[in-house]
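Undergrad: If you want the building blocks of each chain, they are given just below.
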Amino acid sequence: MLRLLARSRAGLFSLIVLAAIVVLAVIGPVVYPVDPAAQDLSSLRQFPSWQHPLGADDLGRDTLARLMSGLRVSLGVALVVEAFVVAFGGGLGLLAGYYGGWIDALVSRLADMLFAFPGLLLAILISSVFGAAASDWAGGMGRLLLVSLSLALVGWPLMARYTRGQTLSLKQRPFIETARALGASDWRILTRHIAPNLADLVIVATTLDVAGVIVSEATLGLLGLSAQPPQTSLGKMIVEAFGYITLNYTQVLFPSLMLAALVLALSFAGDALQERMERR
Amino acid sequence: MLKYLLRRALSLPFVLLSVTFLTFIVGYLAPGDPIQAMMGNRRDPAIYQQLRREYGLDRPWHEQYLNYVAGLLRGDLGRSYRFAGRPVADLIRQGVPVSAALGGAALAVSVVIGVPIGILAAARANRAFDRISMTVMLTVFAVPGFVIAGVLQTAQVILFQNGLPHLPTSGWGAPEHWVMPVVVLSAATLGYLARLTRSTMIQVLRQDYIRAAVAKGATRSQILLKHALRNALIPIVTVLGPSIAFIVVGSFVVESVFRVPGIGFVAVQAIGSRDYPVIQSVTLMLALVVVFMNLLTDLAYTALDPRVRI
Numbered sequence: 001m002l003r004l005l006a007r008s009r010a011g012l013f014s015l016i017v018l019a020a021i022v023v024l025a026v027i028g029p030v031v032y033p034v035d036p037a038a039q040d041l042s043s044l045r046q047f048p049s050w051q052h053p054l055g056a057d058d059l060g061r062d063t064l065a066r067l068m069s070g071l072r073v074s075l076g077v078a079l080v081v082e083a084f085v086v087a088f089g090g091g092l093g094l095l096a097g098y099y100g101g102w103i104d105a106l107v108s109r110l111a112d113m114l115f116a117f118p119g120l121l122l123a124i125l126i127s128s129v130f131g132a133a134a135s136d137w138a139g140g141m142g143r144l145l146l147v148s149l150s151l152a153l154v155g156w157p158l159m160a161r162y163t164r165g166q167t168l169s170l171k172q173r174p175f176i177e178t179a180r181a182l183g184a185s186d187w188r189i190l191t192r193h194i195a196p197n198l199a200d201l202v203i204v205a206t207t208l209d210v211a212g213v214i215v216s217e218a219t220l221g222l223l224g225l226s227a228q229p230p231q232t233s234l235g236k237m238i239v240e241a242f243g244y245i246t247l248n249y250t251q252v253l254f255p256s257l258m259l260a261a262l263v264l265a266l267s268f269a270g271d272a273l274q275e276r277m278e279r280r
Numbered sequence: 281m282l283k284y285l286l287r288r289a290l291s292l293p294f295v296l297l298s299v300t301f302l303t304f305i306v307g308y309l310a311p312g313d314p315i316q317a318m319m320g321n322r323r324d325p326a327i328y329q330q331l332r333r334e335y336g337l338d339r340p341w342h343e344q345y346l347n348y349v350a351g352l353l354r355g356d357l358g359r360s361y362r363f364a365g366r367p368v369a370d371l372i373r374q375g376v377p378v379s380a381a382l383g384g385a386a387l388a389v390s391v392v393i394g395v396p397i398g399i400l401a402a403a404r405a406n407r408a409f410d411r412i413s414m415t416v417m418l419t420v421f422a423v424p425g426f427v428i429a430g431v432l433q434t435a436q437v438i439l440f441q442n443g444l445p446h447l448p449t450s451g452w453g454a455p456e457h458w459v460m461p462v463v464v465l466s467a468a469t470l471g472y473l474a475r476l477t478r479s480t481m482i483q484v485l486r487q488d489y490i491r492a493a494v495a496k497g498a499t500r501s502q503i504l505l506k507h508a509l510r511n512a513l514i515p516i517v518t519v520l521g522p523s524i525a526f527i528v529v530g531s532f533v534v535e536s537v538f539r540v541p542g543i544g545f546v547a548v549q550a551i552g553s554r555d556y557p558v559i560q561s562v563t564l565m566l567a568l569v570v571v572f573m574n575l576l577t578d579l580a581y582t583a584l585d586p587r588v589r590i
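Protein chains in written order, with our numbering: chain W, 1 to 280; chain V, 281 to 590.
This is chain V alone, in the form it adopts within the complex (with noise of 0.2 Å):
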């Protein structure tokens, strides 16, 4: 277990460094002169080249590297092009809390519904119900989000035409503008969970240790719920961590097409004016995040199962 540990802690600087250094390296390879940028119209040799100095352009790539490292361990994510030098941390900041909060509730959404569904799919395999439901969980699967969006935004559309009941289709502030972001950014996780609960559930209903409860004489909800739902758990908590990756990306899209204030959103109108630093920040914070929760559910794997003595 330790050694485990030990091993993991290990590959994280191997991940940490990869990351950054291809962000850093697109970065770097990016065309255009961050310097004439920043002076726009301006052109004075010497203060283009005390600039540079400043923010040690002048330096090797490797030293550019580290200084870049360095700056991330203080929170320093560099400035943007747009705002007048203003730091991109700033920028981020404001989105943050409601991109984790949206974030936050489509994961829950997928696994309160997503694991009942492949639980119940797989009591009944190969019945109407798991046929019908595992096609419609493959359709939210891989159906991007935006299509899902698009139908749903189309249903609200003719609802408000006709005077029924709808949903808002864009905007942010009241609880029910939380609806649509959240089912659109949870269809995804929602479908991929329901077929791995499902056929990790057919695995462990299949084991000696069932037929051992139902010879015993379990009720059928005592031997899913109780019996087999605890061993296809883990594989299902392994998954979350890769999970968090479609939301993170998820959330590009469906902040932008919400019109929902988060980082997403600040990235896309980044990617609009060519704010690269900003564009940049945002794509290692989040490929970041991603690599915290893959590492948070290995650990949660070890302490889940107790027979993984690695």
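Excised from the complex, chain W in its bound form (with noise of 0.2 Å):
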């Protein structure tokens, strides 16, 4: 999938970006020990410098260690979702394409009914009436969590949307007939002859998927919904710098950058992954 990828100059190009942004959310507090809830209060609102790579906020904080938690949450969060979406959407369209009846009335039903609601408005909604309560019963990690939740929330109908057409189709051929004649059983057939009939799709709709869920869980951030501190998200030092732009831009565009740079890379591997697939 990888080498695919790797195959289009965009999609060689984007993966890099994806790659380095990976390492320094990852590896970057390794090499960079910084506090991102230190206050330094003899550098607020500092420009880039010896002390501060990329300058401090207007609480003094250091911008490039702030920036790298930031990341871990976009990143995390994501990665939370996807599993979610993959797991639950993908899982209840598998279902309900190869059973049909009862299950795929309600499994449909419940995507309809999630499909007419604008998606991150549901998310807004969620995150806010029960951000309080997440807080109190798992702090950082409980309001982080029911961010996931809610973006996971609005995000499975799809996938199953695009796996129950894809099952719906894949368990009209004769393959799957002949390895029922051979006695497998359903289990058996859903694991092992569909699902990974299923995983090009799957790889596809997540890949395009996940840059909307980073712009998602940035704007809950933004809203003051989603990481609370001392943990940041780049949302949220997007719109607090906002606040002294006059003073100081380069707080409001190095966040803002990033987050650039995360989605576009994400969004162009994702047209490039699906042309290709396409061409194949």
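It is worth saying that the hints were derived from the structure and are not from the lab.
All residues carry an ideal CB built from backbone N, CA and C; glycine is no exception.
Check the hints yourself; a few may be wrong.
[Stated by the list, open to error] Reference listing, derived: stretches of chain W covered by chain V, where coverage requires no fewer than 3 residues with Cβ under 8 Å from a Cβ of chain V:
| # | stretch |
| --- | --- |
| 1 | 107 to 118 |
| 2 | 210 to 218 |
| 3 | 223 to 233 |
[Said to hold, decoys possible] Distance ranges between label pairs, derived from CB positions:
| # | chain 1 | residue 1 | chain 2 | residue 2 | range |
| --- | --- | --- | --- | --- | --- |
| 4 | W | 178 | V | 337 | 55 to 63 Å |
| 5 | W | 32 | V | 446 | 50 to 58 Å |
| 6 | W | 275 | V | 337 | 49 to 57 Å |
| 7 | W | 110 | V | 342 | 15 to 23 Å |
| 8 | V | 487 | W | 45 | 57 to 65 Å |
| 9 | W | 200 | V | 491 | 29 to 37 Å |
| 10 | W | 106 | V | 322 | 42 to 50 Å |
| 11 | W | 250 | V | 539 | 15 to 23 Å |
| 12 | V | 455 | W | 22 | 26 to 34 Å |
| 13 | W | 200 | V | 331 | 32 to 40 Å |
| 14 | W | 87 | V | 337 | 30 to 38 Å |
| 15 | W | 9 | V | 341 | 55 to 63 Å |
| 16 | V | 491 | W | 106 | 31 to 39 Å |
Once you've looked at the hints, go ahead and assemble the two chains, each given alone in its own frame, into the complex.
TA: If you want it as structure tokens, here you go:
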């Protein structure tokens, strides 16, 4: 899959950018062990300097450290959301397509119901109403879990629709009939024969979806609904820095550019992947 | 045609039911006791019970849901927690004209600029203009509005610091306050429409009737604008409904970043003060806007395309 992506120029470039961002988020804090919540009151709203490579915000917190912390939140949330979407949405679509009947009716109605509501609006509603409770229950992690679950809730129907459609067409194919004639159980047919044939579709759909999830998390962060201090979200960094943009514009610019790079790399990778898949 | 309209009309109640039920259930399951919040520090069990009965909160959930819907039909969106029981409808009403004007302007800008860019790109498919403009369009589509806002604001500050003409970074009232919010709000839809126009135009340009038009000696602009665009417009019109969803969600962000006093701004303030009824009503209203715009575009689709006889 990666090799397929690396074959186009845009795909290769976005792959490199993505790898660099992941390395920055995962290994960055080890190489640059600065506390993202520590306040240095002597360098409020500082421009980039030797002491603070990307400057500092209005509370004197180091922007590079906060950027890495925000990236970890973005990537972590995206990972959890996609895991849910693939397991839950993909799984339900598979079952609905294979068994039909009441399972299909139930899954399809549930999906239709969620489709009717603009996704991000529902995620905003859920994470604002239950936010405080989630924080009380499990602190910062609870909050991030709530954000992930609310985004997964609005994200799974699309995945279910994809895998359901593909399963419907796969199950008519002769090799499934052969497997059944040979006495394979439903479980075996689902896991060994149909699921592997859904992999390509699921990977492309996930790549295309992930950029949207990262933007959604940043939007929730901007509205103050994602990570809470001492953690931060890229969206929150941007909106906080808007308050003093006339004094130091670099603090708006750095998180904006980082988010743009991440989202664009994912979009171009998804586009390139889809194009390659269609050509194959 | 009639059958289709009937079926479409029948699906509307299901959609409305879903949207209202989802907002209701979130509010119903919301932690905290609204009556307690309303009473503040006073603790009188008798009054508490009376208020609970008055607001119907002692009823089973399905009755509460019916009451909620009945209230909505009367235009009663509940009462704000923060502003001492002020009706939510009052709070939202002030913001509606601002948000509607801003959203309308953004939609108009994205159509007026996006569609021509798509046409030009399709006419020059796979050449420099096409590749560059489509990369830019994918960028403005994919990058969230507040990032575009951040980059544009930075540019304004740099212009300002160098004594060059610039736009205000926030505020509302004067005409120049419209420019940035409209640009940012229209960005995603603009990118989406331009890319869609390009791909449908390219498909249409491959068809036989276009070759026939070329053969009879029609000029290039005649072919593009008269023959091809008419058919390409159909799929473009159908996505206008979903595009409203982008703009509606975007208004939350844009209004809070630029401090535009619309309903998105009201909602953002309500989020800050945990004023659930306001958040609930704003999301519901915006969802309903999207639902009705989808319905309208579906109807426009059938009216526009003489071949559609469902």
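Undergrad: Taking the Cβ atom of residue 487(V) and the Cβ atom of residue 45(W), is their distance within the range 57 to 65 Å?
TA: Because 59 Å falls inside the window, the suggested range holds.
Undergrad: Is it true that residue 178(W) and residue 337(V) lie within 55 to 63 Å of each other by Cβ?
TA: holds (60 Å)
Undergrad: Please test the hint of 32 to 40 Å on the beta carbon pair from residue 200(W) and residue 331(V).
TA: The hinted range 32 to 40 Å is violated for residue 200(W) and residue 331(V), with Cβ atoms some 58 Å apart.
Undergrad: Note whether the CB distance of residue 250(W) and residue 539(V) lies within 15 to 23 Å or breaks it.
TA: Hint holds: Cβ distance 22 Å, inside 15 to 23 Å.
Undergrad: Falls inside 50 to 58 Å, the C-beta gap from residue 32(W) to residue 446(V)?
TA: Because 35 Å falls outside the window, the suggested range is violated.
Undergrad: With respect to the beta-carbon atoms only, verify the hint that residue 491(V) and residue 106(W) lie 31 to 39 Å apart.
TA: violated (49 Å)
Undergrad: For residue 200(W) and residue 491(V), compare the CB-CB distance with the range 29 to 37 Å and indicate the outcome.
TA: holds (36 Å)
Undergrad: Can the suggested window of 49 to 57 Å be confirmed for the beta-carbon pair residue 275(W) and residue 337(V)?
TA: holds (55 Å)
Undergrad: Has the stretch 107 to 118 of chain W got at least three residues whose CB is nearer than 8 Å to a CB belonging to chain V?
TA: Check passed, 6 qualifying residues.
Undergrad: Check the following: the C-beta atoms of residue 9(W) and residue 341(V) are separated by a distance inside 55 to 63 Å.
TA: For residue 341(V) against residue 9(W), whose Cβ atoms are near 56 Å apart, the range 55 to 63 Å holds.
Undergrad: Evaluate the given range 30 to 38 Å for the C-beta pair formed by residue 87(W) and residue 337(V).
TA: holds (37 Å)
Undergrad: Is 42 to 50 Å a correct range for the gap between the Cβ atoms of residue 106(W) and residue 322(V)?
TA: holds (46 Å)
When the structure is compared with the earlier hints, violations turn up for hints 5, 12, 13, 16 and for no others.
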